[in-house]
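2 protein chains.
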Amino acid sequence: MISIVVIGAGQVGTHFCNAIHASPSLLLKQFYNRSKVALTDDIKDVEFCSDLDLLKDADLYIIAVSDVAVEAISKALPFENRLVVHTSGSVAMRFLSKKNRRGVFYPLQTFSKNSDLNFSAVPICIETSCKKDRELLKSVAIALGSPYYTIQTEQRQALHLAAVFVNNFTNQLYRIAHELTDSEGLEFDILKPLIAETANKVQVLSPYMAQTGPAKRNDKKTILQQQKLLENTPKFQEIYKLLTKSIQKTHG
Amino acid sequence: MISIVVIGAGQVGTHFCNAIHASPSLLLKQFYNRSKVALTDDIKDVEFCSDLDLLKDADLYIIAVSDVAVEAISKALPFENRLVVHTSGSVAMRFLSKKNRRGVFYPLQTFSKNSDLNFSAVPICIETSCKKDRELLKSVAIALGSPYYTIQTEQRQALHLAAVFVNNFTNQLYRIAHELTDSEGLEFDILKPLIAETANKVQVLSPYMAQTGPAKRNDKKTILQQQKLLENTPKFQEIYKLLTKSIQKTHG
Chain Y
1 MISIVVIGAG
11 QVGTHFCNAI
21 HASPSLLLKQ
31 FYNRSKVALT
41 DDIKDVEFCS
51 DLDLLKDADL
61 YIIAVSDVAV
71 EAISKALPFE
81 NRLVVHTSGS
91 VAMRFLSKKN
101 RRGVFYPLQT
111 FSKNSDLNFS
121 AVPICIETSC
131 KKDRELLKSV
141 AIALGSPYYT
151 IQTEQRQALH
161 LAAVFVNNFT
171 NQLYRIAHEL
181 TDSEGLEFDI
191 LKPLIAETAN
201 KVQVLSPYMA
211 QTGPAKRNDK
221 KTILQQQKLL
231 ENTPKFQEIY
241 KLLTKSIQKT
251 HG
Chain D
1 MISIVVIGAG
11 QVGTHFCNAI
21 HASPSLLLKQ
31 FYNRSKVALT
41 DDIKDVEFCS
51 DLDLLKDADL
61 YIIAVSDVAV
71 EAISKALPFE
81 NRLVVHTSGS
91 VAMRFLSKKN
101 RRGVFYPLQT
111 FSKNSDLNFS
121 AVPICIETSC
131 KKDRELLKSV
141 AIALGSPYYT
151 IQTEQRQALH
161 LAAVFVNNFT
171 NQLYRIAHEL
181 TDSEGLEFDI
191 LKPLIAETAN
201 KVQVLSPYMA
211 QTGPAKRNDK
221 KTILQQQKLL
231 ENTPKFQEIY
241 KLLTKSIQKT
251 HG
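Chains Y and D, in that order, are what the protein sequence lines are. Quick note on our numbering: the first sequence kicks off at 1 and runs consecutively. Quick note on our numbering: the second sequence kicks off at 1 and runs consecutively.
Take these hints with a grain of salt, some might be off.
Intra- or inter-copy, both count: the list cannot distinguish identical chains.
As the list claims (entries may be wrong) - Result set (EDC-like, lysine to aspartate or glutamate): computed pairs, CA atoms no more than 16 Å apart in a straight line:
no. : residue 1 : residue 2
1   : LYS249    : ASP59
2   : LYS241    : GLU231
3   : LYS249    : GLU179
4   : LYS138    : ASP57
5   : LYS75     : ASP45
6   : LYS192    : GLU179
7   : LYS220    : GLU80
8   : LYS113    : GLU197
9   : LYS228    : GLU238
10  : LYS56     : ASP116
Everything labelled a hint here was simulated from the structure, so no lab data went into it.
Pulled out of the complex, with its shape left as it was, chain Y reads as follows (with noise of 0.2 Å):
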């Protein structure tokens, strides 16, 4: 039995606190957080503490908490030695305090509160300064039932950046079709099978062998439509633009 402590209570934190709660080989000894945020009912015996002072000998340290907020936080834990984790996919390791064993656990997903994410699809990305630590995390993967993956801290960098694109940015593109679709009285919903099967192309092809659409078929006819039709929305248009160019580059 690996025994973990959760220091945060974000998305972060919340979802790593349920999920090891619910694995039968974790142990979820204690959650800490500042502003004495209450666990899900579904956890509620676990115990809760809001005084760093007051944290129990663990096997693992689990940090989940904002990016500015992780080296204070670290160099604040009144203990040495013990096994030290961040969750960030930009923070490098070097920013956890030196007094203990520092590692970094990087979930590659999206949280949302409210909804229950099965740990299969959250790879955990998994960088240590010790192999015995790094066993020990690949340990904890595995009960979660999650992939992981042993990174250095480039690739992590690397990883998140990667993940900027395909989430926050792909979401800003359904953000525009849904003010394109709202301009002309339609539902938003139409666009959904496309969004869902657009996602799941990918799962088994390349993106580059699924790609299709005019800009691929270089059909300047159907451009220079569209644009015209982004003639009042001028932001619109200039992505149009910059993506139709980054298409043609990739298969022209």
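Given the coordinates of chain Y, assemble chain D onto it according to the supplied hints.
Chain D in isolation, oriented as in the chain Y frame:
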């Protein structure tokens, strides 16, 4: 039983043939294509023809050819006053020859060869000049198991444009992410659960509500750090900057 002739052997034509043939209330009377492309094994019993003069009488003719060929083939049809529809997102209905009753039957989906697509995930956008024909096209959509929407030309063009954003442009963001992972020796596979969850999220949340990430929370440090990672790929950096700005405008 509604009898249908499909004209064209591309992705759309082939998928329509298979779905019509599989529906108990539709009859795939004939399948036309100029280049004598054979049908898939499942529907080899359907009559094939490569000469327009041999087209049989049917309740509906579906023209599923490339945009530029729609007008010419509709003019070349050797009959009058029958219901002829095209399947294009961007071609106006008036490009169909006036000698027949005209309509549009636009499937808002991305089709791939060799992949069976359930037509319940293929919304059909219907447009006709007379009401009776609209009812027939609705019946065909219902028989295929597809959701359908009665829309006008301008709405269809807005939908086609929105489809380019959520399909082609999104897929290009996947492609960029693929290049980013490749350049760090990482598998693209690691991003697939995130891609799937991003598309899942907007099935129930609006894209506005689903947004997360550095641009939305105006995390300048991460944004600058990520822009720096893209210094050697200015084309990707330009896309990063523009979409970050777009998110900030939406959520600012």
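Hints versus structure:
no.: 1; hint: LYS249 x ASP59; verdict: neither (50 Å within a copy, 44 Å between copies)
no.: 2; hint: LYS241 x GLU231; verdict: within (12 Å within a copy, 21 Å between copies)
no.: 3; hint: LYS249 x GLU179; verdict: between (27 Å within a copy, 13 Å between copies)
no.: 4; hint: LYS138 x ASP57; verdict: neither (20 Å within a copy, 66 Å between copies)
no.: 5; hint: LYS75 x ASP45; verdict: neither (29 Å within a copy, 75 Å between copies)
no.: 6; hint: LYS192 x GLU179; verdict: within (14 Å within a copy, 27 Å between copies)
no.: 7; hint: LYS220 x GLU80; verdict: neither (64 Å within a copy, 33 Å between copies)
no.: 8; hint: LYS113 x GLU197; verdict: between (25 Å within a copy, 14 Å between copies)
no.: 9; hint: LYS228 x GLU238; verdict: within (12 Å within a copy, 22 Å between copies)
no.: 10; hint: LYS56 x ASP116; verdict: neither (28 Å within a copy, 55 Å between copies)
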